[in-house]
Amino acid sequence: MTLANLPSFRHLVPENILVLGILALVGLSLARRPASRRLAGAIAFLACLAALAATALTAESQPRVLFHGLLARDLFGDFFKYLGLVTTAFVILVAQRSRDAIDYRNEDREAPEFYALLLSAALAVNLMAAASDLLTAYVGLELVSVMSYILAGFTPGSRRSAEAALKYVVYGGVASGAMLYGMSLLYGLAASTDLATIGRAAATAPALPVLFAAVLCLAGFGFKIAVVPFHMWCPDVYEGAPTPVTAFLSVAPKAGGFALLLRVFGQISGHAQGLADRSPWLLVLLVVAATTMTWGNLAALGQQNLKRLLAYSSIAQAGYVLLGVAAGGVAGQEAVLFYLAVYLFISLAAFTAVAAVADSGGGESVAEYAGLGYRMPLVAFVLSVALFALTGLPPTAGFIGKYYLFAALIERGHNGGGAAFYIVAVAAVLNSVVSLYYYARVLRAMYIDSASATHQTVAVAAVHRVVLVALTVPTILLGVYWSPLRDLVHAAVGTW
Amino acid sequence: MKSQNRVVPGLLALSICSTLATLTISAGSAAATPGPRLRLEPAALTFTHAGEVREVTLRNTGTNVLRIGSTRVWHDGSGVPVFTADPLEATGLLPGQTVALHVRFVPTAATAPLPPGGAFGALLVPCDDDTLPGDPNPGGGAYIGSVALRSSQGPPLLSLIVFFPLLGIPFILLVPRGRESLTRIVALVTTAVPLGLALWMIRQFDPTVTRTAGTWGLQFVEHHGWIRGFPVEYFLGVDGLSVTMVLLTALITVIAVGASWSIPLTQHIRGYFALLLLLEVGMLGVFCALDFFLFYMFWEVMLLPMYFLIGIWGGPRKEYAAIKFFLYTLAGSVLMLLAIIALYYSSKATYLVDGTPTAHTFDMMKLAWANDFGAESPIAGFAFPRIVWLAFFVAFAIKVPVVPLHTWLPDAHVEAPTAVSVILAGVLLKMGVYGMMRVNLSILPEATHWAAQGLAVLGVVGMLYGALVAMAQTDLKRLVAYSSVSHMGYCLLGLSALTPTGLTGAVAQMFNHGTITAMMFLLVGALYDRTHTRELSQFGGVAHVMPRYATVFGLAFMASLGLPGLSGFIGEVLVFIGAFPAWQALTITAALSVIITAAYHLSAIEKVLLGPFNERWRSALAGFDLDLREAATLVPLAIIVIVLGFWPAPLLTTITATVQDLLTAVATP
Amino acid sequence: MNGLFTIGLPHYLTVSAVLFALGLITVATRRNVVAILMGVELLLNAAAINFVAFSHFVHGAVAGQVFALFIVVLAASEAVIALAIVLTLFRNFRTVDAAATATLRE
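Residue numbers (this note's numbering), protein chains in the order written: chain D, 1 to 496; chain W, 1 to 669; chain V, 1 to 106.
FYI, nobody ran anything at the bench for these hints, they're computed from the structure.
C-beta: ideal position from N, C-alpha, C; glycine also.
Please note that the accuracy of each hint is not assured.
Residues from chain D shown here face chain W by an in silico Cβ test under 7 Å; the list is partial [stated by the list, open to error]:
| id | residue |
| --- | --- |
| 1 | THR291 |
| 2 | PRO394 |
| 3 | ALA407 |
| 4 | GLU411 |
| 5 | HIS414 |
| 6 | ALA419 |
| 7 | VAL433 |
| 8 | ARG444 |
Only some residues are given here: those of chain D computed to face chain W with a beta carbon under 8 Å [what the hints assert, rightly or not]:
| id | residue |
| --- | --- |
| 9 | VAL65 |
| 10 | GLY199 |
| 11 | PHE388 |
| 12 | ILE410 |
| 13 | ALA427 |
| 14 | TYR437 |
| 15 | ALA440 |
| 16 | ILE448 |
| 17 | SER483 |
Model the full assembly from the supplied sequences, consistent with the hints where possible.
This is the structure in structure tokens:
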């Protein structure tokens, strides 16, 4: 059901709330007296919560197309909006006490700017989640990217932050250029920028141009998700950016990227029914996913900087999720959505732990984390839970997420997908084992290496403690009781 | 200012959580649409005595005529009918109309007065109410409503046994600083309770129950729905095989807690006992769980505590040993996960315990008895059952351990503290063989026949290799570790024979080896606590200064080498008798290993106990013979070893019926 | 011969393809960061040409040209941000040589 412009506004309440928040923060930053970080943070946080509530309250099971086909409002998009907004809410809290994000020295002058940029990025993720046209997809992607460039370089006077931003902007520019070229070819093939029309046209168009255009588009989406070979920026940016920004980048743009991937490529390959029709596109996806998993895990083995290690780990995790996209069908898509939701909690928990340690004077390398289990027990416990969840061990939510992914793969292999899916599933589980090796190195540093020394406990900021607990509880709870999330995912996938 | 620091973040967190909660709740629910609607009251019936009759009413709460097919009663378990219902022919119910049916509970003569494992079934009502799940079996209506039927059980004994240690964890963690010795008491009490319950359970256990009695030959069954969407059930139950393992686990854990007195109180003792209790929950759960998902959860729960127990409280190379153990075991576990998922998607449509139809199942018993996987399409050219069998086998073979996947074991055993070595060798190794019997044998019989010879070869290789390497060891603990590799080879040989005696021998060997090897590790630990070395060349003549220690040491090592009259002999001889008809040449080769085993055990006894006394240890050993605590951990095991040596009947009768069932499962062509 | 001199869709597509390739080469080979950004602009404008060409020859409607306008705007904003980052880089490193900024290593 396609709506015209004015009736569509009713469905854009969450985005409007975010815009109001952004405007308020911009106004705050122009005020003569520098606003306190608490005020800016409170405005941003309330805007996020209000947008979340608005999304939940205006959600309808009937999917709609807004603005003459530019935006879609369905439960699928709403799911990703939840992911983006929850991430932003947590990151706002973490950034309150993060020195590299909002420097104490500058009298909090940057706080409203930081939060305004963050909210803009959240708004862009909303756009990406709701895109049903190439134009909206491009605008959303570009907006997220540009905001991320600025946020990555936000730490004043930091060389590595500036370098991170530079690498990000160069890679991002190339990736969006390539994606745009691919989008132009799709437009040429389908004579329309509407995703549904493109999907229909791609079914009848000659295969090679479609494949070429799809691969180019994958460059752009893959860059946002950080899959091989578009991942080069990821370790440097994750390491150089302020830690709250890294936390944001590790979840929200990925969620938006996957939303776009599912929408665009679901349309192109007809919801990807299987390798049985020997579509080269699925083969491409499987190969990319398998390479990403393996590369991410192998490259992480040698890392000493924790943020870099987590960056490679998140590249590998994106590979796992891409497997769910490749598996396709309802099971695959549900697995992707479930895993992204679970990954939100896990990844944010891990980066918040890193931020908490940095805030209390600790470093960022594995060696400096020695004895953390006894110096900062809560932080170490949360980080351990997050690492176990990333490996996929029960009873954490990470295991359930991985289970759904593997189940989707095996089900596809069993229902005629062929041996390729089984082989990839075996590769995926073996990658889990490899990932345990470098996660265990962190665990070893925290608990085992200095078990005999005496330790002085270090205080952790209240905000960080609250966020850590608020993130760990779902990680463990969803590992034993995940029906509500499952129902949410089921409703989301069913609507489109 | 400071309180504002707490309050504001706290409120913020509260608002986050509440928002998240409202989001998930408001995830959209379908509005009620009109149509025929079946309502069954009550939704579940529990019968308490034989001959009981209860009434079920079927009501049409919808707005259209509800068409009902002929109702039928379905029984979970081996299908022994104990529930009957009034026959109801196909009919139509007007809106608002009700029909009453009577359901009777009539246990048969074989199961009177109540089936030992409990009776589970459902009254199935096919109809055309489209809000209900679809009927997997054709005929009747397209959808099916169900009333769960079950016989009342006693207290949930198995759940108590499995989860009781969890109750101790908060108490241990809350022990005040400076009173750390309390943790030992709390741990001892917390582990003694499952042991007591397990002993009580053994007393109530009926060794004559087989599959024909109705609940797959299981007793103390607890079967409830857990996560309907998956569908995962909470399914615990024991048969002869698992009840011996549960008893072994409970006993070994208490002994291990007793052995943990040697861990210094300042070394994070709270964490140590908390992890030990968590490990016990995992171990007990693995032996009782009969739903694959539950089984896998308990299996994985064991990994974390073991990693930290070895890694934090272990010896000089503890980090290496811990990560090696973790990586090896995880690799096997994830392969097992894939195999579980593959079996799941190949399983036939059936009903959950409350009668809800389901397209696939995780129920191990249903997979074993109600499914044939031979007809599945091959994977990459290989037969489906064989690939899945291999995946499971690799996972269990790492645990057993089967040569060449055994390399984690010497390091883990040697570096772990004494109590953890006791648990590792006494219980964890048995899980591999248990898994092979429960999964590979029962669920994939044709692949087992295909692999039987390979199993036998691996068993013999393990026996010989373990024995030969043990002979070359200079470290006493390493020698005992390799002796475990060798002894588990016996289990594998007995398993591969697929004869009653062979399987009985394998299970007997599992139990007996558990007790014997626990004794050996305790003894090695006692010596190490005093002298801080385990080098065989350093000792000699210990019997002169520590007579009590020498007695128990001699007993344990004699039992380990299979001296007739002690329990180690029982398992070995039954395995040989059982394996000889199946693999003659291999059994004869295996008998050679007995000689080598005797050689290294006697050599160890001689090097440690006999000969001239090394005066270096006079101050460490003289007057420091086994104290009360060490004797308390060793003597119960010694008594079991001696008693079961010349009177193995209690052990063997417990497992006979289960072995029969296992062989019936494997015999399916 | 006639086909080669009548300017049609293939000509536009060729031009944009050449621009795309040139843009990729520029990004890959130049060391000056501002030059790299110029390469990125080439990439974006190649795609814009494509959109306009398809809009005229294939679609017949103006959707592609609208898209091209969006591209211009977004490319401009991206260029602004990129140059601001270059300024930050210069302030921190005192150079705009891409190879010199290698503080983030394994």
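Hints and how they fare:
1. Interface hint status for THR291(D): violated, as the beta-carbon distance to the closest one in chain W is roughly 20 Å, over 7 Å.
2. The beta carbon of PRO394(D) is positioned within 7 Å of a beta carbon in chain W (closest approach about 5 Å), and the interface hint is therefore held.
3. Taking 7 Å as the C-beta contact cut-off toward chain W, the hint placing ALA407(D) at the interface holds, the least distance being around 5 Å.
4. At about 5 Å, the closest approach between the beta carbon of GLU411(D) and any beta carbon in chain W falls short of 7 Å, and the interface hint on this residue holds.
5. For HIS414(D), the suggested interface contact is upheld, since its CB lies about 5 Å from the closest CB of chain W, less than 7 Å.
6. Interface restraint check: ALA419(D) against chain W, minimum CB-CB distance 4 Å, threshold 7 Å, status holds.
7. The interface hint given for VAL433(D) is met, as the beta carbon of that residue sits about 5 Å from the closest beta carbon of chain W, less than 7 Å.
8. A distance limit of 7 Å between C-beta atoms decides the matter here; for ARG444(D) the minimum to chain W is near 6 Å, and the interface restraint holds.
9. Given the 8 Å rule on beta carbons, the hint for VAL65(D) is violated: about 19 Å separates it from the nearest Cβ of chain W.
10. About 26 Å separates the beta-carbon of GLY199(D) from the nearest beta-carbon of chain W, more than 8 Å, and the hint is not met.
11. Look at PHE388(D): its Cβ gets to within about 7 Å of chain W, closer than 8 Å, so that hint holds up.
12. The closest approach between the C-beta of ILE410(D) and any C-beta of chain W is roughly 5 Å, which is under the 8 Å cut-off, so the hint is satisfied.
13. The closest approach between the C-beta of ALA427(D) and any C-beta of chain W is roughly 11 Å, which is over the 8 Å cut-off, so the hint fails.
14. With its C-beta approaching chain W no nearer than about 6 Å, TYR437(D) sits inside the 8 Å limit, and its interface hint holds.
15. A least Cβ separation of about 5 Å between ALA440(D) and chain W falls short of the 8 Å threshold, and the interface hint therefore holds.
16. The closest approach between the C-beta of ILE448(D) and any C-beta of chain W is roughly 4 Å, which is under the 8 Å cut-off, so the hint is satisfied.
17. Hint status for SER483(D) relative to chain W: holds, with the closest Cβ pair at about 6 Å, below 8 Å.
Of the numbered hints listed earlier, those contradicted by the structure are 1, 9, 10, 13.
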